[in-house]
Amino acid sequence: MLGELICNISQHSDGKYGYIFSQCLPKKEKSINICIADDGISVFGSYLKAGRYLDIIDSNEMEALRLANEGYSTKDLPESENRGFGISPTKRMLVEGLKGDFFMLSGGAFHRNDVNGSDYVKLPDMMNWMGTIVLMRIPIDVPQNFNYMEYVIR
Amino acid sequence: MKKIIKIAELIGSDIRSRQNADHIRNSMGNFSGVVELDFNGVEFISRSFADEVYTIVKEKEDNVVLRNMEGIVGSMMSVVSDSRTHKRVRKTENANMKEFSDMESLSAYLSTF
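Taken in sequence, the protein lines are chains A and B. For the first sequence, my numbering assigns the number 154 to the last residue and increments by one with no breaks. For the second sequence, my numbering assigns the number 267 to the last residue and increments by one with no breaks.
So that you can see chain B by itself, here it is in the shape it has in the complex (with noise of 0.2 Å):
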């Protein structure tokens, strides 16, 4: 038994921040079949939303099947699950660290903006 959900239809067709994959996860409920979500009609989503996708597969032991991930969706779906099998490595800035403990000092550094 295979439930097809249409992300374009359920979200839009542009889905950015986290919270909107709280309307795919309601959209499945307790279904315990294969889950096909369909991407036709997304234009974009943002890394955070695509994390989330990741997440859902995941919680569902890879039940659910991505489709129609095309052009930028796709890539930042890649992006994603690269960086979900591989540890990650950190720039380190190269910053200033200032401590100040009167105003008057913190007023000087201040003034060089």
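Bound conformation, chain A alone (with noise of 0.2 Å):
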């Protein structure tokens, strides 16, 4: 997970600085949670730059967040595809396998996934952060049915 995530950084962001946090907590909480960010042309500006799902994303950040969540890459390959399962499977394996929590803020918009729901937030003009941010909540004990294999999809 931690891998796709920060991949994306390197591979997407244009970003000078990243930044990964961490903390455990073992007692009340039981999660390991995670932040990984960066100071990036965000989520919107990748699509921008690469010219890609224009027509869909418009100048909608939220939804630029949206198909990101939901797979579509910036990459060309429109017959196959050998991008772009980042971090769709990544939150699935999280919210799905682990029963965490997902969060990620990028440009002027949101998205957070829990057992509860999933939401895409666009956020009042005067809000926006240069960059996204990933925030994982990791549980400890793992479901005794997890696999991780079922979410590395075909």
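To be clear, the hints were calculated from the coordinates, so they are not data collected in a lab. Be aware that a few hints might be false.
[Claimed, not checked] In the DSS-like style, the derived pairs of lysine-lysine whose C-alpha atoms are separated by at most 30 Å in a straight line are:
1. B:Lys160 <-> B:Lys212
2. A:Lys49 <-> B:Lys252
3. B:Lys212 <-> A:Lys49
4. B:Lys252 <-> A:Lys99
5. B:Lys212 <-> B:Lys157
6. B:Lys160 <-> B:Lys214
7. A:Lys49 <-> A:Lys16
Using the hints, put the two chains back together into the complex; each one sits in its own frame.
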């Protein structure tokens, strides 16, 4: 999970800096919380730079976030996919498989996904993060029926 | 002429991230013969790394042979190989789309977390 999300920084963000923070809360929360951030061009900016899916995205950063989280790659491979599987299965593995929480803030929109549901939110115009921040709450106790390979999509 | 690259010795037995594939590329250099990538001793490869290995195979116009990909290593390579030859079927999320134009309404939403 971490490898995929960290690679996104070097491959897509165009940022100068990347950040990783983590904390382990073994008692009450029983989770490992991880924050990965960059000061790049945001998810929306990445699609804009690649010139892909702009007819769907228009100028809506929330829509760009949705596309990224559903696996729409900025790489141009129309007949097969070798990219763009990073965020989507990572998130499914975390939320569906491990019963954790996922949060992504990019530009003027954020996405949160946990066992209660999935929201995409467009922030008021005065709020904007020049880059992308991903937060993950990973439960320490892994469900017995969790199988990593189930989340490696075909 | 054949060159054998022992992946476990070159990178390790638990291999993650795309960048690790650069070690293989560097090791291959400009060698023009058949390259054998020997995965003996490798216990795990991430999907992203497997994807890069697949790219290396294609870059060398199938002049690369993969050996000893057992267990999850072989399964992961098989998954990647399948996905490269089939159009991907994406799952559309059943998600809520919300737009906030002022801090007050956003704060009200955030308070529900």
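Can you list which hints this structure breaks, lowest number first?
-> none
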